Structure formats: C-alpha cells, structure tokens
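Trainee: Chains as they are written, first to last, in this note's numbering: chain B, 1 to 241; chain D, 1 to 227; chain H, 1 to 235.
Warning: the hint list may mix true and false statements.
Claimed, not checked - Here are some, though not all, of the chain B residues that point toward chain D, as calculated from beta-carbon distances under 8 angstroms: (1) K52; (2) A156; (3) G161.
Everything labelled a hint here was simulated from the structure, so no lab data went into it. Since this is a predicted model, take the numbers as computed values, not measurements. Note that CB positions come from ideal geometry on N, CA and C, so glycine has one too.
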Amino acid sequence: MNVDPRTKLVIVLCLSTLAIFIKDVLFLNGVLLITIIISLIFKTNMLQILRKIKRLLYVLLAIAVIQSVFSAGGRTLIEVGELVILTTVGLQKGLEFVIRIMIIILSATIITTSNSREIVQGLVQWKLPYEIAFMVSIGIRFLPILIEEIKDSVIAIQLRGIEIEKIPLRERFRVYSYLFTPVFVSTIIRAQKLSMSIEMRGFRAYETRTSYTVLEMSYTDYLVIFSSLLCTSALMYLYVS
Amino acid sequence: MVKLLDSIGLKSVNFGYIKGKKIIKNIDIDINIKDITCIIGPNGSGKTTLGKLMMGILRPDSGEIYLVGEDIAEMSLGQIGRKIGYLFQNPEKQFFSNTVEDEIKFIPEIKGLDKKYIEEKTALLLDLFQLNHIKNSFPLKLSQGEKQRLALAAILVNEPGYLILDEPTKGLDVERRKVLVQVLKKLHGEGIGMTVITHDYAFIDQISDRILKMHEGEIVEDKRNER
Amino acid sequence: MIYPIEVNDLYYKYEGNLREILNGVNLKVVEGEAVAIVGLSGCGKSTLLYNICGIIPHIYKGEARGQVKIWGKNILDMKLPEIATKVGIVFQDPDTQLFSPTVENEIAFGPENLCVAREEIGLRIERVLKIVNMEKYRLENPNSLSGGQKQLIAIASVLAMETEILLFDEILSQIDHEGKIKIREVIKELKGEGKTIVLIEHDLDNLQIADRVLQLKDGKLEEFKDGETVGLNRA
Numbered sequence: 001m002n003v004d005p006r007t008k009l010v011i012v013l014c015l016s017t018l019a020i021f022i023k024d025v026l027f028l029n030g031v032l033l034i035t036i037i038i039s040l041i042f043k044t045n046m047l048q049i050l051r052k053i054k055r056l057l058y059v060l061l062a063i064a065v066i067q068s069v070f071s072a073g074g075r076t077l078i079e080v081g082e083l084v085i086l087t088t089v090g091l092q093k094g095l096e097f098v099i100r101i102m103i104i105i106l107s108a109t110i111i112t113t114s115n116s117r118e119i120v121q122g123l124v125q126w127k128l129p130y131e132i133a134f135m136v137s138i139g140i141r142f143l144p145i146l147i148e149e150i151k152d153s154v155i156a157i158q159l160r161g162i163e164i165e166k167i168p169l170r171e172r173f174r175v176y177s178y179l180f181t182p183v184f185v186s187t188i189i190r191a192q193k194l195s196m197s198i199e200m201r202g203f204r205a206y207e208t209r210t211s212y213t214v215l216e217m218s219y220t221d222y223l224v225i226f227s228s229l230l231c232t233s234a235l236m237y238l239y240v241s
Numbered sequence: 001m002v003k004l005l006d007s008i009g010l011k012s013v014n015f016g017y018i019k020g021k022k023i024i025k026n027i028d029i030d031i032n033i034k035d036i037t038c039i040i041g042p043n044g045s046g047k048t049t050l051g052k053l054m055m056g057i058l059r060p061d062s063g064e065i066y067l068v069g070e071d072i073a074e075m076s077l078g079q080i081g082r083k084i085g086y087l088f089q090n091p092e093k094q095f096f097s098n099t100v101e102d103e104i105k106f107i108p109e110i111k112g113l114d115k116k117y118i119e120e121k122t123a124l125l126l127d128l129f130q131l132n133h134i135k136n137s138f139p140l141k142l143s144q145g146e147k148q149r150l151a152l153a154a155i156l157v158n159e160p161g162y163l164i165l166d167e168p169t170k171g172l173d174v175e176r177r178k179v180l181v182q183v184l185k186k187l188h189g190e191g192i193g194m195t196v197i198t199h200d201y202a203f204i205d206q207i208s209d210r211i212l213k214m215h216e217g218e219i220v221e222d223k224r225n226e227r
Numbered sequence: 001m002i003y004p005i006e007v008n009d010l011y012y013k014y015e016g017n018l019r020e021i022l023n024g025v026n027l028k029v030v031e032g033e034a035v036a037i038v039g040l041s042g043c044g045k046s047t048l049l050y051n052i053c054g055i056i057p058h059i060y061k062g063e064a065r066g067q068v069k070i071w072g073k074n075i076l077d078m079k080l081p082e083i084a085t086k087v088g089i090v091f092q093d094p095d096t097q098l099f100s101p102t103v104e105n106e107i108a109f110g111p112e113n114l115c116v117a118r119e120e121i122g123l124r125i126e127r128v129l130k131i132v133n134m135e136k137y138r139l140e141n142p143n144s145l146s147g148g149q150k151q152l153i154a155i156a157s158v159l160a161m162e163t164e165i166l167l168f169d170e171i172l173s174q175i176d177h178e179g180k181i182k183i184r185e186v187i188k189e190l191k192g193e194g195k196t197i198v199l200i201e202h203d204l205d206n207l208q209i210a211d212r213v214l215q216l217k218d219g220k221l222e223e224f225k226d227g228e229t230v231g232l233n234r235a
C-alpha cells in the first residue's frame, strides 16, 4: 500500500502505545492480530526480519521465562517440593511480555517499507530539523553496515587459513581479538570518509536547503491516520472500562 | 559429472543477492588450477561474485562447485583458505594487525610455525613487495598501492596452492605493476595457478593463459591467450 | 590575474609523521584548463587534492605551511560548505561516498544543499544519469550496485552540483573499458564547458584529456616530460 511515511509513523505509534498501555493477555492478542494484519497489508518482510533478529528473539524468550519464574501469585502450576516455580500470574506476565515485544517489533517493520530518505523528509515536514533527521538516518544506515563489516572480517580471517572450529578455546580468543582492530578502525575511517564526502557535497552550506523529495498527504493518508487514532482511543476506552 | 582433480569446477551454478535477480546465471566451467585465468567483463557483470562463489564466501543458490574434486559445500572457509589465497577488492577488509610486519606474521604464529622460519619468510616478503620502509606503519593508513602489496604478501606467507585475486592492479602505478607481474609470473613458475579478476588489459596480455569474458552473469567468451 | 586554483609554496605533514609529504608545491591552474597529476603511489597526490578542496586543514589536521587559494580567496578563510559550492571532488573509493537509499536521492543531495530549485534538480538528475549511462538504475539502492557502478554514481552526484572546479582522484581505476571511454568523453565535454579540472591518473591513455601533465616527485610538482614513464601505465 502506498501511503505517506508519516501515516506509517502514526500507525506504529498507535500500535506501540497500545502494546505498552494494555496489560491484558486477551486484549494484547487482539492488538497483535491487528498488527499482523496491517503488516500483511503493507507487504512487510515479516518473516525475513524475524529471521534476522533470531538471536534477539532467544534473548527475549529467556527474559520471558525468567519473568514468569520470578512473578508469584495466582494458582501454582509447577512446583518442586516446597519451591514454587511457575504460577498462573507468572505465566501471564511472561506471555504479556512476549506479545508486547512482538507487537513493537512487527509494527516497526511497517516503517521499513518506506526508504530512509522519505522518512527523513516526513520528519522534516513535521518540522524536525533536517540535520537531526539526516544524522539519525545515517546512523540507522550504518548499523547493518557495521554488522556486515564484522561478518566480512570473520570471513576474511578464516580465508587466511584459520580453521576457527579447530583452534583450542584459549587461542580462539586471540584470533577474535584480531577482529577488533579492523572492525573498530575501519568504522572510524569509514565515518571520517563519509563525513568528508557529505561536507564536500555542501552539507549545511546555507541556512535552508531545498528538497527533491516532497511528500504530500492524500485523502487516504488522512483517513488512515484518523481511523488509527479513533480505533486506538476506542480500544483504550474499552480496556479501561 | 567428472570430478577433475586439476581444476576448480562449477556445475550449473546460479546465484543472486536478491530473490528473482540473478547475478550468476547457470555457469558451467572448469578452471585448470595450473593456468592463470583472467576474468574480464563490464562493471556489474558478476566477476567479483563468481570469485566469491569459487572461494566459498558465497554459497550458490543452486549448482555445485568442486575444488580439486572436493565439494566446497562440505568445506569450511578455513579449509578453503588453506588451499586458496584470496585477495579482496578492498584489501583493507583483510587487515587485522597494528603493523605491516605483524600483518604478515600473525597467521603463521597462530598456526604455531617455527619462529625462525616465520622471521625469514616475513623478511623475504617485505623485501619482495617493497614494504621494508613501512614495516612498522599501521596497515589501514597505507596508500591504496601499499595496501594491495601488503595484502598479497600476507596471503603468500600461507603458501597457498592457488590464488584468486580481485583487481590486484587497482591503484598500482606502473613500477609496482611491473613488480606484481614479475611476482605473479614467478609464483606461476613455482606451480601456483590463479584466477585474476581485472580490467587491466595490458596486464591480461602479459600474464593470462586463458581469458573468460563475462556479461550479465554469463560467460560469453572463453579463449586461450598465447603469450 | 586571479586563478581558479592557486597553490603557493605548500608544505604539509600528516599528524604523527616525521617527513613532509608535500615539500613546497606550486601550482596555478587557469580557467577551463585540465591538469593531470602523476606520480608514484603514496607520493602525496591525494594529499594535494585534499589541500585544494579544504579537507586539509578543515577535517584532517596536521602541519601545513604555504597558501591555497580558490578564485583568489584563501581556503583558510572559507568554511567547507562554502568551498563545496565552488569545488567538487570525486574520491577514489566509491563505497564511502554514497549514503542515500536510492541513486536519485544520492544525486539530489548536493543540489538540495545548494538550494537548487526542485524542478532544476529533477532535470540535473536526468542529465547526469545520462552522462554516466546509468538511467535505468535511478531508483536502485546504491549499495546493491557493483564497485564500478557505484563510482559512476559518485561522479554523477558531484557533477549534479555543477561546480566550476572539479577534482578527480583516480576515478577511472575501477571503471570498465567502455565506461572509461565514456567518462573520458565526459571530462572532455566538461572542459569544453569551461570547467577547471585537476585529475590524478595512472593510465597514460587517460592523460590525453589533460592540457598539461605535472609530476609530483619528492613532494614537489614538476613539469612532466613525455617519454618518461614514472608512475604511468601504457595500456
């Protein structure tokens, strides 16, 4: 669906607000369902993104388990001797946590269907200073590059004939310590070169700048924003009462 | 298929970074490991990608790649790295140390090779690639040409049996290019074959046994070069 | 006479280095002239360009003596963005020059900063993409292009700023044969339009576009005598 990045931002804000505000598993499930449906409408790469953050998901799952175990209350579900391990309240808290995070992650994927220049422009047209919006977008763009950089270095050191799997653990730390230099230094050099080319292309030459990308809200955008806000308030009201 | 023991064989290899956009289209080829094979072609034709596939850095979407009879899908990067030396298009990607000298030394040191042997070998390579005057410099601060030479020296300390070089003459002036050609010829004389990805026609003329021309992911020309 | 580029007795030493890499460089480039600079790798050619466009001393520190003037104005008295309105530079490594999500955005970035009107930016994008023959990549992500293609986009992005002075730091080294011929044509055309150009080159073939070839040796610029092949490739 072709809508303004600002509209997407509003949707994301609505969904995450609901995720944080609501403390009821059933309600949260409903919000998650809505999030998934909206993501499908926007044709986000949900699965691909989930695969990318697989490791993070494990960490979240671990946190959920810990939270379940340490929250007492309600009926006891599992106990070993005198020690209560899992209660209904604990289970509920853990589930809530997982669903909440899933809503936030999945709703954030909606934004990724706009390119960063459009998002920057959206923020600028919302009166955020261009410099700040631009810097943030560069920062976000740099993250995957940094990850690539680390992966490349791991590949490169193996290609020098190091069979990491076969090296004893103590030596392996030494090998990993060698990765620090290229990643750290190349990041700094890259940042320096990048700032060189940004400055030489006239960044901040004048007080203002023109913009080739111009966003215009359509009736659909206004309609979507209006109904998102309406639905969000309705859900909140329903939840509170 | 016949698994040739003297070649790197690609069998119906397909590859694309993005789904539905093939960079390498059904390539079938045997590259003799004794030859110097040059891969040429316009920007974006898939040369670097082909090199990375041969090296196991990228894994094909479909098809098989054999390294002297062994399926590289079953080899680790480290195992491949012991057999083939790979020069990245951006040599800084393969620097890990704080000095030029250490960059050459540290791999054999990790492998636990004899100290005296390492010293000698390092001195030899520093000399060969004219790196002696900067042996205490920080690798990432070197000029493009110096980086290129250091990267090659660091690969050769491993004594690989085969080399894949991605644009080795990039950023080299004529003097250094001459030296490089001499070095590569010498290595070839010692029985080391190589695949060289390059735009440098003068270089190709001087050094190649076989020239493969790529265009939009396919090999469109395959000819021998009589030197 | 006021020169677009004037370098007087320039000395420069990088921070932490013992030796001066530039050791009394003098250079006067007249309007509409294309000057090529040759020399061995690591002799300071890029450093000289950085001095001309103000990256030194504005971004890289170090010890500098002497004077660099753009249209008679000392670069020390100019801020980097002001210099950028007059001097465009294309760097050696295309990877670090591109930072936008699409080719179109990338090319628009410079003109946007210089407050060029929106319609005009559209026209410039079309024009420069045609020059480098990359029209069909307009909406692609620069990250997914090959090294040579990235360089073409980097060139296009600087051309779109329409500066009077252009500096090219070995921009052809990653470009394929056809691309080289094309870009050489482009440079000739730019010269015809009255642009002042300084380029660093290794390939003798690429020197034909220059009106004058100078050699940087031992930190000094000297007249390059044809037939001498120091730092050059005869393709």
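Trainee: Taking the earlier hints as the rules, which of them does this structure contradict?
Mentor: 1
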